[in-house]
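J.: Read off the chains here:
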Amino acid sequence: MVSPVLLIAVPLGLAFLVPLISLVSRRAAMLVPVVACLFNLVVAITLMPGVLDQPVVEKIGGFPPPFCINLYAGPVGVLFAALIALAGLGIAVYAMAYIRTGPVDRYHLLYLLLLVGATGVVLTGDVFNLFVFFEILCISSYALVAYMGNKSGLEASVKYLIQGAVGSGLLLMGIGLLYGQFGTLNMADIANRMGSVNQVSVFVPLALIISGLGVEAAIFPLNAWLPDAHSSAPSSISAILSGIAIEVGLYAMVRMIFTVFGATSILMFMVFLGALTLLLGELCAFAQSNVKRMLAYSSIGQIGLILFALAMATSYSVAGGLFQLLSHTLSKALLFLAAGYMIYRSGSMEISSLHGMGKRMPLTSLAFTIGAFSLVGLPPFVGFPSKFLIVRAALARQQSIFTILLGFVLLGTLIEGAYFFRVVQAIYFKKGSGETGRSYAPAVALVSMFIFAALIIFVGIYPQPVADAVGSAATELLDRAEYVRSVLQ
Amino acid sequence: MTVELLLGVALGGALLTYVLGKISPGLRNAFALLNALALVVMISLLYGQSFERALPLGFLGLELSVRMNMLSWFFAVTILGIGLLSVIYSLVYMRNKERLDYYYATLLFINASMLGTVVAGDLLSFFVFWEMMSWSTYLLISLRGGSKAIFAGIKYIVMSLIGSLTMLVAIVSLYVSFDTLSITELAGHVQSTTMGQALFVLVLFSVTFVIINALWPFHTWLPDAHAEAVSPFSAILSAVLVRKGLYGLYLLMYAMLGFSMLGKLAWGALSYSNVLAWIGAITIVFAAFRALMQNDSKRILAWSTVGQGGYMVLGVSVATNLGMAGGTFHILNHCIYIALLFFVAGAIEYRTGGIRDLDSLGGLIKRMPVAFVGGLVGICGLIGVPLTNGFVSKWLIYKSLVLEGRPFLAFAAFLGTWGTILYGYKFIHNIFLGQLPDRFRDVKGIPFTMAVPIVILTVLIFLFGVLPGIPLSVVDQVGTYLGFESLNVSIWGIPSETGTLNVVNLLAALAVAGFIVWLVLRAIGRSVSVDQDDTYAAGAAIPSGKYHYTVGFYSPLYRIVGPYVRDFVDAFFLKIAGWTGSVCGVTRKIYTGFVGNYVMYIILFLAALIFVQIAWSPW
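Residue numbers (this note's numbering), protein chains in the order written: chain A, 129 to 617; chain B, 632 to 1250.
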């Protein structure tokens, strides 16, 4: 039985080896993230069948919880870890060709740290440990956003840093208040004692934690850093930020609400917030003429949709939300990767400069189209089963308020469709000015895009294994007592 | 022969066509043709079979299935037949154009997904194929490029997306209530549902089907899309794709809900069928006037597709066996003559260098006789001249309206036909009659492979007009499948309570009348051939340049009716789109670009949470 600690320890160790390896060979350093992600993917997939039956609680240092820091590798954690490794792998392969200039070794070091942080957040069972991993994730992403070293990148990075720091501060205050109240930092232990204190007194930490994590999770109105950061970062970083970082933030928030606080009364508010985030994100995306900003706002919209589904808190809806999260990761990563090389070749992020790309870069354009269709939720791509599950969950609630909210959510999908279809048309049917010769993206980048596209189509046609996994993940997220029991037994 | 194989050949053929195109264009064309032909052969072998089978692959715990019955077969045969003719027509029409691999593959893919919608045995696979049909159609509408085609594509896909979202909600709502999506099982369960839910589902589904069938007020995507697509694809769009809406209505109204349920959904005169019938009537009249005002050969045809859809809905919503037969038969007839007319318009476009403007065409009768005959017969079918197929189906629709005591609806149908005569004449006159402009002196006839589909369809129009019993027996089986009483169809026509339609008598009467005219003319004396200019100007001096009246045809009529038949729905939708754009523009101002504001948002959010809790403690 492999231990879930390896999911964090191995990439962390490899991350710090990157500068040393790059002294020997720069090419070998580029391969380190690929190796680390491959390793994590294999470990996570090996762990998966086991944790579907029985979650693995890893006690660091051998003390029983709540006295140690423990890892909790349940279906949710392992599913996320696998997703992080998968997306990380695809994007790392892409980056081998895409990241050529600048301090390349430091890029790979930070990239690995970002993945370590994300994996740590989803596996940890300790709130302070969660904060630490969260900071690793955030700090490496601040640095990576500014990787290009140009003015807009630095500006976006500083803005992100300021807002992220405010968010982290609020999170830390919330955690501190919890510690003061319960005298423990173990999530299961806090959850266990939540019933014993006055509900009003835990509201302030709850509000602090929601606001703090909401910044990284990009929930309206805490998400203003996102469009700048995602559009100014190198495209491979935009892909990982959109595909992984904000999802991990959302996971942390949902874990806090569901498991630690058991705050069911605030869920309705979160449903509204999700629908609002979705609608505003899509409206803003529609107004963009810059393709990366458009994708960034669309990520806000998608996060809203995922929050909407998760906060409905039925087993269907949480499964649908997690499925949507997975499909967003795959689709948005593919979109950013495809857009990355189109932008690289045309030299501008304006949608108008993508005209005629269908002829110049046929494979990359096809990848973009598949990603766009999937994100809009068209069959036979992965976005469809998740959309189907969310619609089913909302209607299964059998309350008119959810049906009305669903109407707004679908309106958001419609707007999303409109702007994605506009871009696809621009790529294929508008005549480009200037260069018209074929210019394929490098083979490595195409391989990476192919992996994402193939997954999008495969899971879209045969969603059952993923549906099973998200189904048991949903059960874990919703079953608070079981979480407490399996940690503290 | 199984449906799975049929679908597999259709979808696999589409993908393989693309791959083969990378090897050799000739191979690709041959394969596309062979694939379309094979599908037609396969569907003919499936005639009369009826079965339902589960697919090996489920989806999210739901069983997917395919089925075959008369209703599916009827629609499938129109799809595959027109698909084959379109491919034949494309061989020359599309030659020397760009992106042919893409064109053929997408065309075949659209046909395959349309086929999927009609053989789907459950609503989920129906929806999946429906969506595949939507997005692949969008990918082909704008093929020609240029701002008009791009606008048409986006307009189509946005409306189609609205339709599919409403349908998704309806399907899932059925799924949540009955835990199955099999059409046959739902048909049983639905009888026990509440009126509220039945209405909810019915309205949501109807929005989808009315959009795709391009009935007023959701017709606005059609004229743009059909006019801007390449002609062989316009034929597919007009002939079969829009009729997926009617297939959906058949499924919904008669295969699933059934008469008793539909009958209960009524408040006095306001019943679902009535509303649908009036939508059909408005569509007929409005589209006829709009078609009159067009000056573009393909736009006239596109508007006529809108209008003819209204006739079908009238027939279907009357819900007698006669009306159903009329509506169903009209689907087939429309599919034949509108494909023919789009092929003719495409041939004109092909030979004249892309001219669709009716003001600048004229006099092509001698240059393109095959096109003229095809166009004339097609227009006759469209108008419903006796001895063409359109006559029989329209007769059935009128008859059923009169028998059911719906004079106003019948009047709308007649009014539409008068309009059809006017714009049909305009189409024929402005393209083929009148003076031949100098620039078209050397226009050549239609190339052989483009003439083949035109001739086949022309023959079919006559065949089904003179021997309506052949298609009507199939149409009758569709009706009986849906639970209507069988009609007593004979090969010559169809009987009804108030007189029998017998096309052979009509044929005989017409032949005798023609013979008499011929005799009289012969007795009077020989005719003298005179120059066209002499007939026009009666011997007076003729001005040089263009003098015949294809320019500004019906312009007095425009002046009278023009102000009343503006497409205000279209204008309204475009306004909404514009408003959405400005709302988006305003919304993005939330993100001001000043990091101070952003931090303020975060703090205000936190403060608001805590304030609300303290003030009202809702959480």
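I should point out that these hints are in silico values taken from the structure, not numbers from a laboratory. Hints should not be assumed to be uniformly reliable.
Unchecked claim - Each computed DSS-like pair below joins lysine-lysine, with the alpha-carbon atoms no more than 27 Å apart:
| hint | chain 1 | residue 1 | chain 2 | residue 2 |
| --- | --- | --- | --- | --- |
| 1 | B | K779 | A | K559 |
| 2 | B | K653 | A | K487 |
| 3 | A | K558 | B | K1206 |
| 4 | A | K559 | B | K1075 |
J.: Each hint needs a verdict: does it hold in this structure or not?
T.: Structure-based check of all given hints:
no.: 1; hint: B:K779 with A:K559; result: holds (13 Å)
no.: 2; hint: B:K653 with A:K487; result: holds (14 Å)
no.: 3; hint: A:K558 with B:K1206; result: holds (24 Å)
no.: 4; hint: A:K559 with B:K1075; result: violated (31 Å)
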